[in-house]
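Undergrad: Quick note, the sequences are listed as chains A and B, same order.
Residue 49 in the numbering used here sits at position 49 of the first sequence; the count goes up by one each step and never skips.
Residue 24 in the numbering used here sits at position 24 of the second sequence; the count goes up by one each step and never skips.
Please keep in mind that the hints were generated in silico from the structure rather than gathered at the bench.
Mixed in with the good hints, there may be bad ones.
[Said to hold, decoys possible] Residues from chain B shown here face chain A by an in silico Cβ test under 8 Å; the list is partial:
no.: 1; residue: Y59
no.: 2; residue: A174
no.: 3; residue: T204
no.: 4; residue: K205
no.: 5; residue: R206
no.: 6; residue: N208
no.: 7; residue: G212
no.: 8; residue: F215
no.: 9; residue: Y216
no.: 10; residue: E337
no.: 11; residue: F388
no.: 12; residue: P390
Yeah, the Cβ is synthetic: ideal placement off N, Cα and C, and Gly gets one too.
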Amino acid sequence: MDRRESLKSMLLGSMGAGLALQSCVTTTPPEVVEDKIWEYTYGRTPKEEEFDNKLLCEQFFEDDELKEIHNLANLILPPNEHGSIDDAKVVPFIEFMAKDVPEFQTKIKGGLMWLNIYCNAKYKTNFVNTPEAQQKEVLDMIAWPDPDAKEHPHEVQFFSLMRNLVMTGYFSSEVGIKELGYKGNTPNNWDGVPQDVLDDHGLAYDPEWLAKCVDPNTRGEIAQWDEEGNLIS
Amino acid sequence: MQIIESQKTYDVIIVGSGAGGGMATKVLADAGLKVAVIEAGPFFDPADPKTRTQLKWPYESPRRGAGTQRDFGEFDMAYGGWNIEGEPYNQIGDTKFDWFRSIMLGGRTNHWGRISLRFGPKDFKGKDRDGLGDNWPIGYEDVKPYYDKVDKLIGVFGSNEKRENDPDGFFLPAPKPRLHELYYIKGAKKSNVDVIPSRLSILTKRINNDRGVCFYCNQCNRSCSVYADFSSGSCLIFPAQKNGGQVDLYVNSMVSEVTIDENGKATGVKYINKEDRQQYALKARVVVLAASACSSARILLNSKSSTFPNGLGNSSGLIGKYLHDSTGTDRMFFIPEMMNRKRYNEDGVGGLHVYSPWWLDNKKLDFPRGYHIEVWGGMGMPGYGTGFNPNSLNKYLGLKVGGYGNGLREDVKKFYGSVMGVSGRGESIAMKDNYCEIDPTTVDEWGIPVLRFNYHWTDHERKQAKHMHETFEEIGHNMGAVVLGNKPTKEQDYGLLNPGRIIHEVGTTRMGSDPKTSVVNEYERLHDVENVFVVDAGPFVSQADKNPTWTILALAWRTSEYIIEELKKQNL
Numbered sequence: 001m002d003r004r005e006s007l008k009s010m011l012l013g014s015m016g017a018g019l020a021l022q023s024c025v026t027t028t029p030p031e032v033v034e035d036k037i038w039e040y041t042y043g044r045t046p047k048e049e050e051f052d053n054k055l056l057c058e059q060f061f062e063d064d065e066l067k068e069i070h071n072l073a074n075l076i077l078p079p080n081e082h083g084s085i086d087d088a089k090v091v092p093f094i095e096f097m098a099k100d101v102p103e104f105q106t107k108i109k110g111g112l113m114w115l116n117i118y119c120n121a122k123y124k125t126n127f128v129n130t131p132e133a134q135q136k137e138v139l140d141m142i143a144w145p146d147p148d149a150k151e152h153p154h155e156v157q158f159f160s161l162m163r164n165l166v167m168t169g170y171f172s173s174e175v176g177i178k179e180l181g182y183k184g185n186t187p188n189n190w191d192g193v194p195q196d197v198l199d200d201h202g203l204a205y206d207p208e209w210l211a212k213c214v215d216p217n218t219r220g221e222i223a224q225w226d227e228e229g230n231l232i233s
Numbered sequence: 001m002q003i004i005e006s007q008k009t010y011d012v013i014i015v016g017s018g019a020g021g022g023m024a025t026k027v028l029a030d031a032g033l034k035v036a037v038i039e040a041g042p043f044f045d046p047a048d049p050k051t052r053t054q055l056k057w058p059y060e061s062p063r064r065g066a067g068t069q070r071d072f073g074e075f076d077m078a079y080g081g082w083n084i085e086g087e088p089y090n091q092i093g094d095t096k097f098d099w100f101r102s103i104m105l106g107g108r109t110n111h112w113g114r115i116s117l118r119f120g121p122k123d124f125k126g127k128d129r130d131g132l133g134d135n136w137p138i139g140y141e142d143v144k145p146y147y148d149k150v151d152k153l154i155g156v157f158g159s160n161e162k163r164e165n166d167p168d169g170f171f172l173p174a175p176k177p178r179l180h181e182l183y184y185i186k187g188a189k190k191s192n193v194d195v196i197p198s199r200l201s202i203l204t205k206r207i208n209n210d211r212g213v214c215f216y217c218n219q220c221n222r223s224c225s226v227y228a229d230f231s232s233g234s235c236l237i238f239p240a241q242k243n244g245g246q247v248d249l250y251v252n253s254m255v256s257e258v259t260i261d262e263n264g265k266a267t268g269v270k271y272i273n274k275e276d277r278q279q280y281a282l283k284a285r286v287v288v289l290a291a292s293a294c295s296s297a298r299i300l301l302n303s304k305s306s307t308f309p310n311g312l313g314n315s316s317g318l319i320g321k322y323l324h325d326s327t328g329t330d331r332m333f334f335i336p337e338m339m340n341r342k343r344y345n346e347d348g349v350g351g352l353h354v355y356s357p358w359w360l361d362n363k364k365l366d367f368p369r370g371y372h373i374e375v376w377g378g379m380g381m382p383g384y385g386t387g388f389n390p391n392s393l394n395k396y397l398g399l400k401v402g403g404y405g406n407g408l409r410e411d412v413k414k415f416y417g418s419v420m421g422v423s424g425r426g427e428s429i430a431m432k433d434n435y436c437e438i439d440p441t442t443v444d445e446w447g448i449p450v451l452r453f454n455y456h457w458t459d460h461e462r463k464q465a466k467h468m469h470e471t472f473e474e475i476g477h478n479m480g481a482v483v484l485g486n487k488p489t490k491e492q493d494y495g496l497l498n499p500g501r502i503i504h505e506v507g508t509t510r511m512g513s514d515p516k517t518s519v520v521n522e523y524e525r526l527h528d529v530e531n532v533f534v535v536d537a538g539p540f541v542s543q544a545d546k547n548p549t550w551t552i553l554a555l556a557w558r559t560s561e562y563i564i565e566e567l568k569k570q571n572l
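Chain A on its own, in the form it takes in the complex:
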C-alpha cells in the first residue's frame, strides 16, 4: 500500500466505515469525494471533519455558475509568471466557502445572475460569452467603490466580495504565498532584524536591550539562575 492509499484507509477507518461518504455518493462519484477528503489531513475534531466532508460532498454552484466564477476570477487576477487562479485552486475554494458561510450564497448567486441579466440587455449574450473588452467595461463600472459613499450598490458589493475571495484564495495558496514572499512557517532561529533592513529603516538595536536577549549559541543549555534571578548558564 502506498502512502496515499494507507492514509486514505486510515481516514476511512477513522470515519466509521465511511459513513460520511455513503451519504454523498448519489451526487458525486465516490473516488472524487475520496480525493477531496484525502487532500485535507490537518488536525480536526471528529465533528469538524464530518462537517467538512459533508460540505465537500455537496455541490452548491451549478456548472455554468462555476464557469462564470472562473471567468470573473481570471479577470480579477489574470495568470502571470508567478501563478494563476487555477494553480491556486481559487474556484473550488469559493465553492467551498459558499457552503461554509451561508450568507455568501445569495450574494454570489444573485450577483452572477445580475451580471448575466446586464450583459443580456446590453450585449445580447450572457457574461461568459461577452467579449473580454466588453466584460471589462462592465467591471470598470462596478470595480471602483466610491470611497465617500455611505452605502454601495449591490453590484459593487458583489464585485468587492468576489475580489476579496479571489485575492485571498490566491494569496493563501502555495503559489500565492511564494509570490508574496512569506518565508516562515518553518523551524528557524530568530536572531533579530537583518542588519541591512535595520539600515534601510534607520533603526538600530539598543545594546542595553540586546543584553537581555537570547544568545543563539547557548539556548540549548539548561537554564540556571543565581538567587537574584540572573541567568548564569
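Following the hints, complete the assembly by docking chain B onto the known chain A.
TA: The following block gives chain B in isolation, referenced to the frame of chain A:
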C-alpha cells in the same frame, strides 16, 4: 437511569485540567496522592500528529484557516469558542457578556497568548490605593515564592527591570524585537510610554530535558508539539504521570455537582459521561474545582442540598458575584515607511516580543487602575483574509482604491507587513452587580442548568478606554504611522470591548477572611466546606492590569501545598 458509583476512592478529585487544575495535579500527584482529573472535553496531546495543526499551511484546509469552525481560525487549538452547540448561556437584560470556553484536556492553555505577568504588590491591595473594590487577604510576599517556583518549573522569558509593580522573576532570555516592534519602541519612547521585553511562557532556552526549545514558528496558539510553550497537559499533567504519579484522567466527563454527606462535608462529585450519556459518581477526600471561574461557580450553585439550599459554599450569597474581565480596546497603524519590505522570516515567538507595562500615576488621571499595551504585526503567515481589500490603504497615498487585474498583486505585496496593531488591556473594578447565576429556565444537553450573565461597564472602564485611544494616537503619530479608523466616541463606549471578550473573567468565588463578604479563604478553601477548594481564577479579588494565568498557577501551587499539609495532619 441509575447513577453508576465507582468503588474507588481518591485522595483528591480535580475538576478541570487548565492552568489551575494542571498545577494542582502536578503538585498533589508529585506528593504521592491518588488523584482523579475530571475533564469535560476530550484528551489532547499537542504532540499527537492526528490533532496537530502546528506548521500546517492554509492551503491544507478547504477554508484556508477561516474562523467558521473555530472562532480564532480553524488552526487555533481551542475546542469550543464563544458559543458551543448544546451548551448555551444566557444574558440578563441588555447584558452582552461573551464567554469563551475551550473544552479539552488543558482547556484554554492550549491556545492562549502565553503572556505571563506576576501581579505586583499594589495589585493585591487595590482598595488601599483608591478606596475601590477590596484588598486581597494576602499580599505579594505570600505569593512571591510560588511565582518563583512557577517561573522555574514552567519557564517564562522576560527581563528583570526593577519596576515597583511589575516584579522581577527568574526569566529566560527575551527574543530580539521585530521591525514593527522597533518602530513601536521609537514611538512609545517619544511619547514617554515605557517599553520592555515582553514576558511569555515560551522556552527561548532549554529548561529541562523533557521539553523542546522554541523554534520560532509564531504558532503557540496551535499548541506546541515539542512542548516549548506552556500548555497544562504537556507541562503539568503529562509530567505528573511520567513522574510515577497516580493520576487517573476522566475525559469527556462533565461534572454536574459536588456531593456531600450528612455533616456537610464533600464526598466527591457526580458527572455525566458524554460518550454513553450515563451519570456517574466518584468519591474523594478532597474536591478541587478548577473548571474556570464561571464553570466552577456554576457547579457550586448547582450543588444544592438541604444543608446548602443556595448552592454549596454560598452562605454569603456571593458565588457568581464580582465577576470581572480585563478592559480592552484595539487600534491599527499603517506605517508607510514599511511598504515594499525586504522579505525575511520574522515569525518569532507566538506573540509580542515587547510590551508597555502600566507607566502612569492615577493621581493625575480621571480613572482608577492601569492598563498595559500589547503590540502585534509583521510579515505573518497568510491565510483566509490575506488580500481582502487589497489596496484600501491606497487612500492614504492619494491613489485609487479598487479595480482588478494584475495591479492587485502588486498592491498586496506592497502593503504586506506594513500594518500593525496595539491593544490596551486594563484592570476593571470588581462590582457586586456584575455576576453570573443559574438560569432556571435553561439546561444544556447534559441536563445541567446553565448560567446567565449580568454585566455592565462603568465610567471607570470607559474613561480608561478613552485614555488608551489617546495614547495609541500619540504613539502612532510619534512613530510616523497613520492611525487607522476614527477614535471611538462616547456613544461607542470609547471602543471598550464587551465584557468577557478579553477572556480574563475572574472573581466569582472571591477570596477573603470574612465568610460574610467572601466565598473562599486565603488558601482558596470554601469558608462553608472544609474539603472543597477552588484553584481557577474564581478566587481573584481583583484582576490587575496583568493576565491572570501566572497568578492562577502560583495560587494553585500554594493551595495544593496547603492541602498536602492538611491531609498529613488528618484535618481533611
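Undergrad: Does each hint fit the structure? Answer for all of them.
TA: Hint by hint, here is what the structure shows:
1. Y59: For Y59 of chain B, the interface hint holds, since the closest Cβ of chain A sits about 5 Å away, which is under 8 Å.
2. A174: holds (5 Å)
3. T204: At about 5 Å, which falls below the 8 Å cut-off, the nearest Cβ of chain A leaves the hint on T204 of chain B intact, so it holds.
4. K205: Status holds, d = 5 Å.
5. R206: holds (5 Å)
6. N208: holds (7 Å)
7. G212: violated (10 Å)
8. F215: holds (4 Å)
9. Y216: Result: holds, 4 Å to nearest chain A Cβ.
10. E337: holds (7 Å)
11. F388: holds (4 Å)
12. P390: holds (5 Å)
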